[in-house]
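Visitor: Residues per chain are reported as follows:
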Amino acid sequence: MSETVPEERWGAERSNESRRPAISVRGLTKTFGDFTAVDGIDFDVPRGEVFGFLGPNGSGKTTTIRMLTGTLRPNSGSADVLGEDVVRHPDRVQRRIGYMSQKFSLFEDMTVDENLKFYAGVYDLPAARFAAQRQYVLEMADLVGRENELTRDLSVGWRQRLALGAATIHEPELLFLDEPTSGVDPVARRQFWDLLYDLASRGVTLFVTTHYMDEAAHCNRLAFIYRGRIIAEGSPAEIRSDHMDQRIFAITTSRADPALQWLETAPGIDEAYLSGASLHAVVPADSSLSEAGLRDRLATAGFADAQVTEVDPTIEDVFVNLVSRQR
Amino acid sequence: MRQALVRIGAIVRKEFRHLGRDPRMLLAVVITPVIQLLLFAYAISFDVDHVPTIVIDFDKSPSSQRYLRQYEASPFFEVVARGSSLADVDSAFDHNTARVAIVIPSGFARSLAGSESAQVAVMIDGSEPNAAKVSQAYAVALNQLYGQQLTRDWADAQGMDLSSLGLLEPRIRTWYNPERRSSDFLIPGLMAVIIAIVTVQQTAVTLVRERDLGTQEQLEVSPMRRIELMIGKLLPWTLIAFLDVALITVLGRTLFGVPLRGAAPAFALGAMLFVFASLGMGLLISALAPTLDSANMIALLVAFLPSFLLSGFAFALDQIPVWLQWISYGFPARYMVTIARGVFLKGAGFTELWPEMAALALYALVMLLISAVLYGRRSSR
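Going line by line, the protein sequences match chains D and H.
Per my numbering, residue 18 is the first one in the first sequence, and the count goes up by one each step.
Per my numbering, residue 51 is the first one in the second sequence, and the count goes up by one each step.
Hint data in this document are derived by calculation from the structure and do not stem from the laboratory.
By construction, the Cβ of each residue, glycine as well, lies at the ideal position given by its N, Cα and C atoms.
Do not rely on the hints blindly, as some may be mistaken.
[To be verified] Here's a subset of chain H near chain D, in silico, CB distances under 8 Å, partners left out:
1. Arg57
2. Ala60
3. Glu65
4. Ser111
5. Arg261
6. Leu263
[Stated by the list, open to error] Listing some non-contacts, in silico: residues in chain H with all C-beta distances to chain D over 12 Å:
7. Val56
8. Ile81
9. Glu260
10. Ile420
Produce the entire structure from the sequences given, and follow the hints as far as they go.
Guide: Have a look at this one:
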């Protein structure tokens, strides 16, 4: 869990900018038959921000992206992207936005260069601009000298960076990333986020969906979507302070499973769940329970080796908490 | 417009790259047609000649011997045995030493002399239906020939001038394909089969693959229109289909000496219409098929089988059950086979073949329109 948010990275002058938002969504709704995938959501994404769109699988993230990129028509509501009504005029924004999905959308039987050339053709890039962008992408993705390798021979991390390069070959002002780190190892994920910061520092607005809660900390702003509804929105710090009025204890024990079962039913504990290698137990803010108190109760219950530390809530804690309130 | 062409060009180049990288695919679209051509033209021969024949002459008269000489003289039958009893026929058929038996009953000469119709039994081993059918036709023809011969002999004996009576000299002719060579018959039909396989199958699969890869999703976000993607994906296959047509035509003409009696432009137009009809069909499949496998299966079902079985390529359409004949109208292959054979063998042109061309044009139009609508509309789900 990397909890330290490099919010200062974008600097004060950018956050003070009062331009029109890159994305502005009001009452956006999409139903498939009886199923409401996206249920009247509202949010704004300021320009130049890294906007994290978080939620479990099937909560409506991809459906929202498809409406914002103009490939899916909403049932109702409005969506302005880069100042254009994307519902009515998707063609006006398509040249200015980029999109990268977890499938990477590369042709594995083509070389690195051929993939880049193909997408340059799709966006009708002039030769000079392509040459410059190609150089940038190759350096960014660390693929200089491997231009003629087949994409299928690249490892996942490289493929992911190449996909990012292909998705940004036309220098979009706004980039949608749909679970871009899905199935990629933690080291590659970390490197990938560095690339995203790099894009953001060049002024690109990033709209990133993920179900990795630890990635939320990388974003300037977050929106939680759950069952088609946005249940929290704000900066990671705001979300933590606005939606978390409870205290969290982190517990490590060799017998995690029975300890979790015990915690779930123990009086005075609102919620217990696995978080990484430890168990998190949520107690009310006014609870008198201390680290030592909880350790004693655990020891009495037969978990003598339990270590208890009170921790600051992570984004994941907040999300679990929000979701449990929805139920 | 220029941008659209650039985008379509990007797709076309990409498609050829895929093709270049996938030797199996290249094999499937260029080499397979050639192999099929050779296979069909050489191995699956519908030619029938030198049919092993057993003859049994119970009459043993000069007339019966003269009659049997007709068979011996024909290149079509090869008299391999002379039997003495009907049991020999069974034995010959069982051992596959003969496929046809000619049995002349005693009294043959007497019946002829008495101006009654003489009975000759022609027995045919039906286990090879095609050969059986042709043998039967030939035997009937020979009998007629012999019958006319006898009439003429009789007329001569009576001192009558047959030609003055206006009786025609009997003549048996197989039109359009005098030697009844099956390669002449098969190769033009084979074009329909091969075009159908290359175009329907490949287009059906190529767009579904794009969907599976997630690249279609990617392209939908781009300025590329679906119709541009469609055209870009179809162009290479159109070219390859035409290449295949040219290849088969050249090989058919040079290797097998298939005649091209009619107007080549008429054939080219027919082939073009058929290619478009097949592409439309492939597109429709790719729009409807949920997975790559189902696209393949459906393509096989609607392209390969009908063009093989319901096009007149292998089986004459008037010999299949009526309900199947009706179904055959629903597949473009039958029109193409008619056009190909018409132009190549019968020397037909636009005048004779316009109904088939019109049917293909209509078919292509409807298919391409439906799939363009299915592809062009913005998805609502």
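Visitor: Indicate, hint by hint, whether the structure satisfies it.
Guide: Okay, the hints, checked on the actual structure:
no.	hint	verdict
1	Arg57	6 Å, holds
2	Ala60	3 Å, holds
3	Glu65	10 Å, violated
4	Ser111	78 Å, violated
5	Arg261	11 Å, violated
6	Leu263	7 Å, holds
7	Val56	5 Å, violated
8	Ile81	19 Å, holds
9	Glu260	10 Å, violated
10	Ile420	21 Å, holds
Checked against the numbered hints above, the structure violates hints 3, 4, 5, 7 and 9; every other hint is satisfied.
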